[in-house]
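Enquirer: Take the sequence shown: its position 45, counting from 1, is numbered 45 in our numbering, and each next residue is one higher.
There could be a bad hint or two in this list.
Unchecked claim - The calculated DSBU-like cross-link candidates involving lysine-lysine, where the alpha carbons are at most 35 Å apart (straight line), are:
1. K433 x K49
2. K49 x K204
3. K49 x K29
4. K433 x K204
By construction, these hints were calculated from the structure, which means they are not laboratory data. Bear in mind that the values here come from a model prediction, so they are computed numbers and not experimental data.
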Amino acid sequence: MSANWDYLILTASNALQARAYEDQLRARKELGLLSQVREAFVVPDLDGKRIGSGGSTLWSLREILRRERARRGVDFTGRGAVRQALSHLRILIVHAGGDSRRLPAYGPCGKIFVPLPGAPEAPLPPALFDRLVPAFLALPAGIPGSGQVVVAAGDALIRFDAGSVEFSQPGIIALGCYAAPEEASRHGVFCMDTGGTVSLYLQKPSIETQQAAGALDARGRAPLDMAVMHMDAATAAVLLSSFGMEPAEGSLDFTPQARRQILEHGLDLYREICCALGRDATLEHYTSSARSSGSSWPGELLAQVFPALRAIPFHVQLVPACRFLHFGSTRQLIESGLALVAEDRDRPASSTLLVLDSAVSGQGRICGTRSWLEGCRITSLLELSGQNLIAGVDVDATLALPPEACLEVLRGRGRGGENVFFVRCYGVRDTFKQSLLEDGRFCGRPLLSWLAAAGVQPDEVWPGVEDPAQRSLWNARVFPAVRDASGFRHWLWMYQPESASAAELRAFRSAERYSAAEIALLTDQAAFHRRRAEIWRSLSTQRCGTH
């Protein structure tokens, strides 16, 4: 097995996101930043539907085997053919799908390519990918001749020493670290013996459950799942077979029944797979753990896959130190960004204003604290009151944002194909995922309260959606489209709708408005990245000119 990697795969939610990811991978390959990988590509979820981390893992393996068949003429109809085909490969799968409902500003690029603070001499604007993936690529090879598939989450920056890891056992080896039981209750937890063999896997267990299962060590710490998993070729073959991947015309595909099941219920790597693993796992534990963590799989199907999963050897390797920096929400973006700067400099940041991929020139000046400014051109005074996010905006006249206000301008196409700019004014604590029944908020207040203050009826922003449980900020048509990027200034009243004039409220009701869900599909993703790259190059030129 090569010391380098044969395949690096990013998973994506759909074909549109996949094309954007491919562009980013291509740019890095052309710059030689992925030289240790033979082939890097993106695999969108099956039929453009979210199929879960387990489903997309299997779908990625199926694509790898399809390419191996084309490259090497492998026929998968023979017994053990899948295992044999994978036994000489090193594969890294990073799950990067998702629609960023908690981080809407970076829905166009996906969380894996969220801009981050980084080295100014980097050839591209630094992103989460550039910090996270090299750490995974530094992981060691597995047992010679056993194959290697490493599966990792791509929505948080994991800081750990890859040199402390050793993959020397068969089956599945998960990476873990000690954490407080409170933190562990939101993730996966291992019950393990001193040799690292896992007896039970607990998914999002309460502190009481962790204690009762004997998961805590003598110091009261829980072994936390880091969401980095290693499996050998034999294990990968078992998973593919267990969940309905069978030979089809010499290649592999889901059976019709398996395809329907995964499209309808999804397949989570930790819920429907890890909960079945472990020396002491029982069918009762498996089904109850899967159910309590949200699985909708029928009990008879869980019972059907349990014996094969239960037989997989399961070990955990605890790394000596690990730190997570989460960038999954707007508030986390600001806090983790500041923490990252402090770590890089080995001292607290001198400023709590994060300015990334942005040019400040002429009369441009920024005043503010604990705020995130990215992809902007500033030629006038910008005043940020705190906990602000501003992205993709040209500030050519004085602009002041109230506390916790977020402002984005995105180039895209309207419903009729015309060129437009989407203006998004919202609050840093707004919850795009939560429905009206779950206290969904907009500009810092309940959604219905905002609509009432703006004099807008719910049916005007949720046409055709009657169920309050289905009405959220994600699908509310509240974001106007303008023909000129500077038109965002006409909509700043949205932070305080009581301040709007009658003319402004009439303009809102008659405007061409879009939901965040629509904007995710209509944003010009190439323009999103091009803007950042152009600013980055201009800043690099300026830096070179000063030396």
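Enquirer: Is the Cα-Cα distance between K49 and K29 35 Å or less?
Expert: Measuring from Cα to Cα gives roughly 28 Å; hence the hint holds.
Enquirer: Within 35 Å, alpha carbon to alpha carbon, are K433 and K49?
Expert: holds (17 Å)
Enquirer: Does the alpha-carbon distance linking K433 and K204 stay inside the 35 Å limit?
Expert: Cα-Cα ~20 Å, so holds.
Enquirer: Given the hinted pair K49 and K204, is their Cα-Cα distance within 35 Å?
Expert: holds (25 Å)
Of the hints listed earlier, there is not a single one the structure fails to meet.
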